[in-house]
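Peer 1: Taken in order, these protein sequences are the chains called A and B. Just so we're aligned, residue 1 is where the first sequence starts under our numbering, counting upward by one. Just so we're aligned, residue 1001 is where the second sequence starts under our numbering, counting upward by one.
Misleading hints may appear alongside valid ones.
Stated by the list, open to error - Coverage of chain B stretches by chain A, computed from C-beta distances (three or more under 8 angstroms per stretch; other residues unrestricted):
| hint | stretch |
| --- | --- |
| 1 | 1009-1019 |
| 2 | 1079-1089 |
| 3 | 1104-1115 |
Said to hold, decoys possible - Each computed DMTMM-like pair below joins lysine to aspartate or glutamate, with the alpha-carbon atoms no more than 25 angstroms apart:
| hint | chain 1 | residue 1 | chain 2 | residue 2 |
| --- | --- | --- | --- | --- |
| 4 | A | Lys2 | B | Glu1063 |
| 5 | A | Lys45 | A | Glu5 |
| 6 | A | Lys110 | B | Glu1040 |
| 7 | A | Lys2 | B | Glu1041 |
| 8 | A | Lys42 | B | Glu1052 |
| 9 | A | Lys45 | B | Glu1057 |
| 10 | A | Lys42 | B | Glu1040 |
| 11 | B | Lys1044 | A | Glu3 |
| 12 | A | Lys79 | A | Glu15 |
| 13 | B | Lys1044 | A | Glu5 |
| 14 | A | Lys45 | B | Glu1063 |
What the hints assert, rightly or not - Quick partial rundown of chain A residues pointing at chain B, CB under 10 angstroms, derived from the structure:
| hint | residue |
| --- | --- |
| 15 | Tyr36 |
| 16 | Lys45 |
| 17 | Ser83 |
| 18 | Phe101 |
| 19 | Gly102 |
| 20 | Gln103 |
These are calculated hints, taken from the structure and not from any lab test. Source: prediction; values computed, not measured. Glycine included, every Cβ here is placed at the ideal spot set by N, Cα and C.
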Amino acid sequence: RKEVEQDPGPFNVPEGATVAFNCTYSNSASQSFFWYRQDCRKEPKLLMSVYSSGNEDGRFTAQLNRASQYISLLIRDSKLSDSATYLCVVIIYNQGGKLIFGQGTELSVKP
Amino acid sequence: NAGVMQNPRHLVRRRGQEARLRCSPMKGHSHVYWYRQLPEEGLKFMVYLQKENIIDESGMPKERFSAEFPKEGPSILRIQQVVRGDSAAYFCASSPEQGSSGTQYFGPGTRLLVL
Chain A
1 RKEVEQDPGP
11 FNVPEGATVA
21 FNCTYSNSAS
31 QSFFWYRQDC
41 RKEPKLLMSV
51 YSSGNEDGRF
61 TAQLNRASQY
71 ISLLIRDSKL
81 SDSATYLCVV
91 IIYNQGGKLI
101 FGQGTELSVK
111 P
Chain B
1001 NAGVMQNPRH
1011 LVRRRGQEAR
1021 LRCSPMKGHS
1031 HVYWYRQLPE
1041 EGLKFMVYLQ
1051 KENIIDESGM
1061 PKERFSAEFP
1071 KEGPSILRIQ
1081 QVVRGDSAAY
1091 FCASSPEQGS
1101 SGTQYFGPGT
1111 RLLVL
């Protein structure tokens, strides 16, 4: 079983749509959680950290459910510029801080 | 403050040759991580280094791959006797500290193509 699993998509949505990405992780020692964004297989960039209490950054909302080992990302009012691959990432406790990536979910926002 | 630098950005090698990929971390960062992204796949951790030390190489293939981060100069990922399956994007990331903060800054990557 993969350590971090995501629906690979692609998700094709019109501008203005709300889209939700889901991610599950298998290692209960996972300690820190993030969403990264990768454009056209360029370097990944941190989008936001994910906390149990949930956190919001503009149109983006991330949520963590430790009991279910489940992470989500919600994008509201999607823009053309949101088209990218979204990567679910975890850090496992006491493993040196290396990032464990999901395979990514591709999003394509159409006019 | 310059970001993480990687060179070359693109590298073409024939089977059996050696590939050397360089990574200069951000100023003040002493922790370097290397990741590999095979075509149509996600990023996979390869190795974690601090200055002059390999901390975790659990993601490195057992043969032909090595990494170093000398006291002076960039971190080097070396692939000997490359094969077509080594074709991938290799990203390095640097961090000011080890830990769970996830604050790793990625370089633009080196795209290796093995003919």
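Peer 1: Would you mind marking each hint as holding or not holding in the structure?
Peer 2: Hints, verified against the model:
1. 1009-1019: violated (count 0)
2. 1079-1089: Coverage by chain A is violated for the stretch 1079-1089 of chain B (1 residues, Cβ < 8 angstroms).
3. 1104-1115: holds (count 5)
4. Lys2/A / Glu1063/B: Given pair lysine 2/A, glutamate 1063/B holds - Cα atoms ~24 angstroms apart, limit 25 angstroms.
5. Lys45/A / Glu5/A: Holds, at roughly 19 angstroms.
6. Lys110/A / Glu1040/B: holds (22 angstroms)
7. Lys2/A / Glu1041/B: Distance of about 13 angstroms is within 25 angstroms: holds.
8. Lys42/A / Glu1052/B: Roughly 28 angstroms separates the two Cα atoms, so the pair is violated.
9. Lys45/A / Glu1057/B: holds (23 angstroms)
10. Lys42/A / Glu1040/B: holds (13 angstroms)
11. Lys1044/B / Glu3/A: Measuring from Cα to Cα gives roughly 11 angstroms; hence the hint holds.
12. Lys79/A / Glu15/A: Roughly 5 angstroms between the alpha carbons, so the hint for lysine 79/A and glutamate 15/A holds.
13. Lys1044/B / Glu5/A: holds (13 angstroms)
14. Lys45/A / Glu1063/B: With Cα atoms ~30 angstroms apart, lysine 45/A and glutamate 1063/B exceed 25 angstroms; violated.
15. Tyr36: holds (9 angstroms)
16. Lys45: holds (7 angstroms)
17. Ser83: Because about 18 angstroms separates serine 83/A from the closest Cβ in chain B, which is outside the 10 angstroms limit, the hint is violated.
18. Phe101: holds (4 angstroms)
19. Gly102: Since chain B brings a Cβ to about 6 angstroms from glycine 102/A, closer than 10 angstroms, the hint holds.
20. Gln103: For glutamine 103/A, the interface hint holds, since the closest Cβ of chain B sits about 4 angstroms away, which is under 10 angstroms.
Checked against the numbered hints above, the structure breaks hints 1, 2, 8, 14 and 17 and satisfies the rest.
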